[in-house]
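Use the sequences and the hints to build the structure in full.
Chains as they are written, first to last, in our numbering: chain A, 818 to 1030; chain B, 9 to 463.
Derived by calculation from the structure, the hints in this document are not laboratory data. Remember, it's a predicted structure, so these values are computed and weren't measured experimentally. A virtual CB, placed ideally from N, CA and C, is assigned to each residue, including glycine. Where hints are given, some of them may not hold.
As the list claims (entries may be wrong) - Partial list, derived from the structure: chain B residues whose beta carbon lies under 10 Å from chain A:
(1) A48
(2) R194
(3) H286
(4) A307
(5) E313
Spelled out, the chains give:
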Amino acid sequence: MTVKILLADDHPLTRSGIAEFVKREETFKLVAEAEDGAKAWELIQELKPDVALLDIRMPGIDGVTVAQKVKNEGLNTAIVMLTSYDAQQYVIASLRAGARGFVLKTVSPKELTTAINTVAKGGLYLDPEVASVMGEQDFIPEQLSVREREVLLLAAKGLSSKEVARRLFISERTVQTHLASIYDKLGSRNKTEALLLALKYGVVTLEELLEDD
Amino acid sequence: MRPRSHFLAFLLCALMLPSIAVVLVAVVGMASQESAMEAAVSSYVQDLAESMSYHLSSDADIWTFQILSDFSRFPFFSWGPSIPGWVALISQEGKVIASSPGAMNIATIWKPDFEIGKAVKVEDRQGAQYTIAVYPVKRPSGGYVVTAVSWPQLLGGLVGVVRIWPALIVMIALSSFFAIRLLWSRLVIPLQSLVAEIDNMTLGKDVPDMIEEGAVKEIESVQSALSRYAQAAVDRDDLRNRYVRDVVQAQERERMDMAREIHDGPLQDVTALLQQIHMTLEDDDVNDNARIRKTESIAKSVVRELRALCDELAPPWMDLGFSEALTELTERLSQAYDVQVSADFDDEIREVDIENEKILSLLRIIQEAVSNAVRHGGADEVHISVSRNDDDVLTLEISDNGSGFDSGHINHETLRVEGHRGLASMTERMSLMGGTLRIDSKIGEGTTITASFKL
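Here you go:
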């Protein structure tokens, strides 16, 4: 089965590089290229590609806004964010906007292929550079306790420790102990990384994160 | 400096005491003069009455002949005594037998129970005072000689002066009191408030308030000179601050532009280069794979360096909004310094819309604060809390558990001269945003930096 792909990036050199990657793969079909967000949104509506590779920083409408539009319109196009920046908040913002993949432009063709295939099948793909494990760790989702999972989800939604403590009827100190234990188990250094790793390992799902409470 | 109230006491004493002393001396003098005159008048009337009674007693003819026709022997009855007053001869029943001019009112003051032979002071119905003496005439038909000195006639105009005298003294005292009050309110108090103004004035920041109306001209001129001087200092400082702000602002804009240039230019180019390398590596006909791999790793490190450079100049991720940028920054700082940097903010902070330039300023302040806390204070925990009050004032509180310092002795100018621009530039950034920055620290108690500005 051929995956129809749209590519949007305002920088001609990187766009042509990525386009070349895509064209090499036989199961992929590059249906359109756009040099800004508005054009990308127009083409997505018109061509209904399976996967759209969107640069975050583009003139006019940025990639995250386009992803949000796709999500709001309920289109079936899976979004992969393509960016030069490794900021974890970009990942979070992209995921919140409905993107299912996040890759850096320095990605290798093999990884990009994996990313496109994963999101085309409805999966989630995060660039190893933004969700990397310190040291080699094998992780089984059950290693996180139910309470730890709850704490992580609430914290990931942006709630402060105080607020998490209030919602779960535990002390702030306990929340911090839980968070420390979560970081330790996942091998993460902070809340955002813990969340990205939890998503990657399937401890929490994207749907759970996006759920409003 | 507190107004010296004992100066007022001194002034009051200096001006009031002489007046009071004059009043006292006058009262004592008047009292002693009056008593001396009273003694003299008393003995005069007594002597006169006694001698008259003696003459009348020894002269039998006075009672047998028509005395009224022969008063020439008793000149007193014609002319009265030599001191203003009168003499009278009255019968046992109180009827006037003979009298000198002016004795008409004897009836109004005569009382049968007058003490004999002793001068007494009496008052007639009009309130005029008299000293009178009564002596019996030793004759079978009896009768009395009454002599009187009239005080109003004796003292004349002097009585009026004597009565006005205390009033004058009181007037002098009152007028000196009012003079002191005037001196105090028009000169001393304005002078004191002027001194207080100068004491409390921060040169370059404040212009003294105008003193209330009523100060003397000279003080008003001093005040207006001071105002001009203070205003000039304020203007000078304003100019300097504007200059510093312009420099900071220009620098910031330049950095943002440079970050954008790097992001859109070299970073993209090297990324494209890296993509080409990746594709070359995938081609099977590459002979020198090792060299290409080396090139790939160089290109990757250039990408990392360029990203770091962008972050340093103006991180592109601050476009995401304040709360996201704050989270990103704290996580990055935690990793960079290997300390715990946490941030707490309410849900509504997420909705706050802040311009990119302001976000950048806030990020820089946090960076500087964390860097100071770790490098100078040896802190391993820094907490940032963000709150917004009802007046739309956003407050950023950065507290650390470092060693702290004495924040009471911060002098930005000194720090600047010594090359420590951190604290000064934090303050400048906040004032650029129309906000304020406060540094609270004590040795051994960590440091709290509070930055607030109106949204």
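- Message: For a quick check of understanding: which of the numbered hints are violated here, in increasing order?
- Response: 1, 2, 5
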